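Enquirer: Which chain is which? The protein sequence lines are A and B, in order. FYI, the numbering for the first sequence is -17 to 257, going by our numbering. FYI, the numbering for the second sequence is -17 to 257, going by our numbering.
Since the hints were derived computationally from the structure, they do not count as laboratory data. Owing to the predicted nature of the structure, the values given are computational and were not obtained by experimental measurement. Not one of these hints is a red herring.
The calculated DSBU-like cross-link candidates involving lysine-lysine, where the alpha carbons are at most 35 Å apart (straight line), are:
#: 1; chain 1: A; residue 1: K179; chain 2: B; residue 2: K236
#: 2; chain 1: A; residue 1: K82; chain 2: B; residue 2: K110
#: 3; chain 1: B; residue 1: K217; chain 2: A; residue 2: K217
#: 4; chain 1: B; residue 1: K105; chain 2: A; residue 2: K100
#: 5; chain 1: A; residue 1: K95; chain 2: B; residue 2: K122
#: 6; chain 1: B; residue 1: K253; chain 2: B; residue 2: K152
#: 7; chain 1: B; residue 1: K110; chain 2: A; residue 2: K152
#: 8; chain 1: B; residue 1: K253; chain 2: A; residue 2: K205
#: 9; chain 1: B; residue 1: K247; chain 2: A; residue 2: K236
#: 10; chain 1: A; residue 1: K95; chain 2: B; residue 2: K110
#: 11; chain 1: B; residue 1: K253; chain 2: A; residue 2: K95
#: 12; chain 1: A; residue 1: K256; chain 2: B; residue 2: K179
#: 13; chain 1: B; residue 1: K122; chain 2: A; residue 2: K100
2 protein chains.
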Amino acid sequence: MIKTVAIQGVRGSFHHIVTQQFFDNPVDSIECMTFDSVVDSLITQESDAGVMALENSIAGSIIPNYALIDKNELHIVGEHYLDIQHNLMALKGQSIEDIKEVYSHPMALLQCKQFFRKHPHIKLVEDKDTAEVAERIQEKQLIGIGAIASVAAAEIFELDILAESIQTIKHNETRFVIVKRKNSVVPENEINKASVKFEANHKRGSLAAILNVMSDCRLSLTKIQSLPIIETPWKYAFFVDVTFDNYEDFKKAKALIEIMSDAFKVLGEYKNAKL
Amino acid sequence: MIKTVAIQGVRGSFHHIVTQQFFDNPVDSIECMTFDSVVDSLITQESDAGVMALENSIAGSIIPNYALIDKNELHIVGEHYLDIQHNLMALKGQSIEDIKEVYSHPMALLQCKQFFRKHPHIKLVEDKDTAEVAERIQEKQLIGIGAIASVAAAEIFELDILAESIQTIKHNETRFVIVKRKNSVVPENEINKASVKFEANHKRGSLAAILNVMSDCRLSLTKIQSLPIIETPWKYAFFVDVTFDNYEDFKKAKALIEIMSDAFKVLGEYKNAKL
Chain A
-17 MIKTVAIQGV
-7 RGSFHHIVTQ
3 QFFDNPVDSI
13 ECMTFDSVVD
23 SLITQESDAG
33 VMALENSIAG
43 SIIPNYALID
53 KNELHIVGEH
63 YLDIQHNLMA
73 LKGQSIEDIK
83 EVYSHPMALL
93 QCKQFFRKHP
103 HIKLVEDKDT
113 AEVAERIQEK
123 QLIGIGAIAS
133 VAAAEIFELD
143 ILAESIQTIK
153 HNETRFVIVK
163 RKNSVVPENE
173 INKASVKFEA
183 NHKRGSLAAI
193 LNVMSDCRLS
203 LTKIQSLPII
213 ETPWKYAFFV
223 DVTFDNYEDF
233 KKAKALIEIM
243 SDAFKVLGEY
253 KNAKL
Chain B
-17 MIKTVAIQGV
-7 RGSFHHIVTQ
3 QFFDNPVDSI
13 ECMTFDSVVD
23 SLITQESDAG
33 VMALENSIAG
43 SIIPNYALID
53 KNELHIVGEH
63 YLDIQHNLMA
73 LKGQSIEDIK
83 EVYSHPMALL
93 QCKQFFRKHP
103 HIKLVEDKDT
113 AEVAERIQEK
123 QLIGIGAIAS
133 VAAAEIFELD
143 ILAESIQTIK
153 HNETRFVIVK
163 RKNSVVPENE
173 INKASVKFEA
183 NHKRGSLAAI
193 LNVMSDCRLS
203 LTKIQSLPII
213 ETPWKYAFFV
223 DVTFDNYEDF
233 KKAKALIEIM
243 SDAFKVLGEY
253 KNAKL
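All chains should be modelled from the sequences, with the hints used to inform the complete structure.
Expert: Here it is as structure tokens:
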């Protein structure tokens, strides 16, 4: 059973909210300030699992996290979708005009860019985590400083919300994955989604041939993303997510794609969290 | 002939360097502080063309710029690749220990994250443009403030480079596109690359069928990116780049994909800038 989970951020962060919603049993969170530390915590066996944001409606795929999973031979064992609502918060008794600087995670700043264009007097400063700024504002009683974070963070650290749901895209869904060390397996009868990576040539038809096999094996594609392989011109890595009804179908597809592509790798086999 | 070009940033910015390398004739740059203003400048006919970064080795696709091109019915008429080298710069006579805050564009901050982890005393602040910070440091004689920008910016604004090539990935290639208003056309005999967008169903095989047509029509795929359509579950938008030898082949593929997919759109037909 998973007992300790490494998350990016502190209590009240979106990764923390994911651990609370995803796991059936209560888990301890190991608070990490970077995704690299999440991975370290897993590798050194300090934690049983880690949570990582993988894509969202504004920025698309978070490519560096794909690379972390791939490079460190982690295994995706689950996914979770969260509708992320960003709120501007500060010490009680202040108005938005009193706020000089707002600190938050770069992704949160990006997602709220449009809101801050209407408040050009506010300086936006990159920070490690959304909720950790909220914690710091309360702890150090920082006047004139704002955080962008969840309602949960405002409650935990007793801050006033000055503006609600300030992200540009109101329905701002982020997909998180739960990762474990290599060789972690989900029971076959629970698996109906997989993330794979393979390399294929620029040569016309190479990708189409692989997608044909997927389709012949009754897999549905829910995501595809090509990335140029920097050292090898005209060769591409593809990250593909597929869903299926029958694990045997996916097994067959795996065997075929392994032969047809280079560097085929299963990044995870897990349960589809979308209805 | 293109005479005025809207760029994101000021003289010495990477977009400015692109205009200097891409156009054969000298062009005037219209300095814009956001990509939205680049688009506005084009639409109001203040400028003849615009330059926009579209993807890079670290962050992958810059999805918001795809959306801007799509939404505003712009047309991609060319592409340019730039190997982006970031440098830390400040007023002369200072060392890296003297620097308290570094201001730059979020993408530059992201690309140099690893370097600044070794200098935790420096606060990273988001700004609108890389070179504009260099300009401001010189103009206002800002002590203790650093910029991350090109060598050209350091030269133009007479700053000292404190650290060279500080980006995490040393060969940091960014792809820029040159956009014009709708109905701008490149002569057919110069076209050997195109960017298209279409929507297809989650239904198995829909994407494979379209890629088969592309392959049958002798198109090679150089990029593919799926994006979920937020309002329509299980429907995806695909952004695909293809190269070809013969424009007639692409014309045939267009006619077929138009029938097979929904909302098919050519975002641009232009000359491939990769050897």
